[in-house]
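Protein chains in written order, with the numbering used here: chain A, 1 to 159; chain B, 1001 to 1430.
In case anyone wonders, no lab produced these hints; they're calculated from the structure.
Among these hints, one or two may not hold up.
Some chain B residues close to chain A (C-beta under 10 angstroms, calculated; not the full set) [to be verified]:
| # | residue |
| --- | --- |
| 1 | F1078 |
| 2 | E1079 |
| 3 | L1125 |
| 4 | S1213 |
| 5 | D1215 |
| 6 | I1220 |
| 7 | R1393 |
Remember, predicted model here, so these are calculated numbers, not experimental data.
Glycine residues also receive a C-beta, built at the ideal position from the N, C-alpha and C atoms.
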Amino acid sequence: MRAGDLAEPFPTVSLSTDGLTAARLIGEARLPGLIVCEDDGSPHTVLGGSQVLRFMIPQYVQDDPTLARVYDDAAAEELLGRLSTKSVRELLPRRQDRDDLPVVDRDATTVEIAAVMAQLHSPVVGVLDHGRVIGAVTVSRLFEHLFPDLPLTGEGHSS
Amino acid sequence: MTTVLVLVAFVAAYVLIATERIHRVAAALGGAAAMVVLGVANAQVVFFSEETGVDWNVIFLLLGMMVIVGVLRRTGVFEYAAIWSAKRAAGRPFAVLVMLVVITAVASALLDNVTTVLLIAPVSLLVCEQIGAPPVPFLIAEVMASNIGGTATLIGDPPNIIIASRSGLSFNDFALNLAPIVVILICVLIVLCRLMFRSAFTFHPERVEALMSLDEREAIRDIPLLVRSGIVLAGVLVGFVARPVLDVEPSLVALLGAGALVAISRMDAEDYLADVEWSTLVFFMGLFVMVGALVEVGVIGRLAESATSAVADHYFLGSTVLLLASGVLSGVVDNIPYVATMSPLVADLVHAGGGSPGAAAAWWALALGADLGGNATAVGASANVVVLGIAARNGHPITFWGFTKYGLVVAAVTIPVAWVYLALRYYAFT
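Chain B extracted, bound-state conformation (with noise of 0.2 angstroms):
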């Protein structure tokens, strides 16, 4: 009885959050205390259980990345580099949004999404109006740029974050397994790019002086801080990657950085809080004591049974139909708590696979699936969500299906891609 229960419960939050008829961390709270008063989750569950309690790896390395990336913002390097960029494409259309596209990508690899377009979309608006480019496509391009770009590391994207703590792999790990197919995924989304948005892409000569004229320098306010934190912020990287060697949590790296970067940048706590996005690292909370429930009274333990004796040895399809439902859920569904879910879910089946290559590969099919899949609809992902607020404000409105018309061309394309390289890495010389 209590199992019917708890699954009711953890349906009806879920509901709730996919709907957002609440709001999420509302709901996430709500379900994780009525897995409280069903008596499955108790203070040592919740506090202390690696397996079905809060995961604190995840939430602490959110919350130095956080502060990492509230520092870091106010040096003005991205505006530096966005605008630098700009003017070494000459103003042409295409060629500025091929470098954005990569600057987006490649800082969405080490901030989380969000962020990356909060700072990257107002420069991009600046760069647009000074080369008279509608600003629509290079907003699109760029958030499906951090959509991509977020997958390619541990810290890229907050499902990867909840992968790697439940199957204990490193940041080595997936930036040797998901960076490359990201690199290809950026090119291809460049050439989609192309095609779909290939009538704003006229080039104006005349508006090239008034590019040129915007001085980039100027961005950059405080250069001491800049030389600081890009020590630090080089320093918890390295720290991320020779965790084999310093045997230190990414969340301990993650901290230790954000408390030198805080000490040495003399700012005040409620400057580099501002950017701690509380309700986000509460919702992980309400999160785990939801799933960690599921655990408790064996669903997911028996629907990872299912699976694995559905899946047998056929690796290959049990990666496939995960990398598919993956992105056809994530584009109607937050990837977050669809992570959360069938996190434990893979680590069974990928433990019921002796941890073979095949089987780990089922990791990376979730992590694909999840976030590819985020860019399929207007709200398949946050920065989606983000972008389309930021757009609005401007005077550049974009609707639900004037994104995610875009956004499926870019899912379907890219699923299939990813999938290709699962196939012909992990299985077709096996």
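The following block holds chain A by itself, in its conformation from the complex (with noise of 0.2 angstroms):
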């Protein structure tokens, strides 16, 4: 099976959309991460859930996470209002590598697209089809393509 047959619609986000709204969209449809266009459709890079957790929790907090247990609910409410006034451009890391872009081609195999995840640790890879992107791969429907009739034992049950 290639990339183009199972690569899913996916939603993507432009460079200019607020951090509040990706957030939302990743919490709503329980995606690993955004695929982030540029204003032509051509995709920029892809914006991982982690990502947008790192911008909310304040880097003082990630140095020393015995502070995360200090906040309360409200406080928490006010680290995320830190979103809304960024921009997902603000959200991605300064360094882009053009060539660590987390995409393949639609006639992509799976072992390219595990290949891809495992080299840039990225949970989602878009599917691309002459430029433009056409959905994408999560790690979790990859694993469903390649697990598809192994029986859960033990401890991996779920109820």
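Hints are included, so try docking the two chains, each in its own frame, into the full complex.
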């Protein structure tokens, strides 16, 4: 099976989308991240959920996780508010290497998709057709395809 | 010829350390290796000579304290103290700064300066955000309080540990001679902060609620560990203070304390060893071999003879020059290699003075100059560099001159105050 067959419709955002909207999209659709596109529709990068969290949680709390415990719920909501004033462009790491885009062509094999995910630590890979995003493959979708009939045993069972 | 080559190797390594052209550990080890190749240092000297080899008392005192800090920092007690005190200050920025400066100075007297600022800076950023105050003045004030507070005790700053080992001065000697002036200097620092950062202390009453909403008790993760750690730390301090009675070296007290904490905390080895700065320990070893070689070939002895004849019995003049020169040099070069180099020289100077109070005060001049000089520039002390890094990561970059313009003021005021203290305490009435 090729990337084009595995690809599912996937929401995209632009660089100017505000951070809170991006976070809500990720939350409502339970996505691991979002594909960020340029104004012409070509892919820019993938915004992972953890990148949004890194911006939401102040650096000093990441440096000293003990501080995370001292916030009450109201203060936590104030932290979320930080996202509304920032654009997706500001949430992304400053250095963008165009060679490190987590995207594959629609005829990429499953191993190629897995290799891109593993190399770039990305839970989602955009699928392109002539430079345009036609969907994406998530890591869960890939695993579902790779291990379709394996019975769940032992501690891995969900009820 | 060997003496000249040893001197060239020493100066070359020192320049590399000062300019940071290569990592300071590589420079110190390279310098030590040169001494071995030149035939000045051998295994007997490096490992077993008390005068010219690696000073294992210093190495193991540092190691023991690093392990103790590694356990203590996991208790959350520093975060608790900082938030609690900021709440007691009712969110008034200057009162909060005073509280944080005092906490930092006290913690720094017991812990090394870098660890202290690593613990206090994140919680200070949190407090500043809650009260709507600019964090840069707070971070600068704290790192300066750390450099001053560390001067108070034998274990507060690595230069003091080196001085203690080379001079034979005890924990009590340091506390009795340096703690009083450190208290005065912290008060001076607070006044200077009020003047230098006056625009940063705008009170925002509407932000007080955000500060009060923080629950400092949540910072304490493991109360039994906190209690046990507190008991062990108190035991270690008693061990330092009671050395005249117990006759146990500070290095062994620290190691016993570290062992006790590790046993009662039941932490994994990789966790309590994670805070051990192995590179710092190796750096010290390389330095000791380098300086030991200078002693072996007689360079330090000849310098000491010259210094002794120049000083004659004018010990006040000698201490004045030592204080000022140490203050200036420590502002531009790492004060650890500086003190490691100067200690044998000062030891000879004090010895020539028959150990009189006036001569022995040279040790306090060296300690005060080296520790206080670190405040002068952004690169004067390791803690300064660490705080600049934390500030930049959190979106509040502090430039070299952004720090140094305040550092020069603080050093220019605190060093003369220390000079007056030395003059009044050791020379004016004798």
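For each hint, the structure was consulted:
1. Of the supplied interface hints, the one on F1078 of chain B holds, with its beta-carbon coming within about 9 angstroms of a beta-carbon of chain A, less than 10 angstroms.
2. Checking E1079 of chain B against chain A by beta carbon gives a least distance of about 5 angstroms; that is within 10 angstroms, so the hint holds.
3. The closest approach between the C-beta of L1125 of chain B and any C-beta of chain A is roughly 4 angstroms, which is under the 10 angstroms cut-off, so the hint is satisfied.
4. Residue-level restraint check for S1213 of chain B holds (minimum Cβ-Cβ distance to chain A is 5 angstroms; threshold 10 angstroms).
5. Because the beta carbon of D1215 of chain B sits about 5 angstroms from the nearest beta carbon in chain A, less than 10 angstroms, this interface hint is met.
6. Satisfaction of the interface hint for I1220 of chain B is found here, the shortest Cβ-Cβ separation to chain A being roughly 9 angstroms, below the 10 angstroms cut-off.
7. At a threshold of 10 angstroms, the smallest CB-CB gap from R1393 of chain B to chain A is about 5 angstroms, leaving the interface hint in force.
Hint check: no violations occur; every hint is consistent with the structure.
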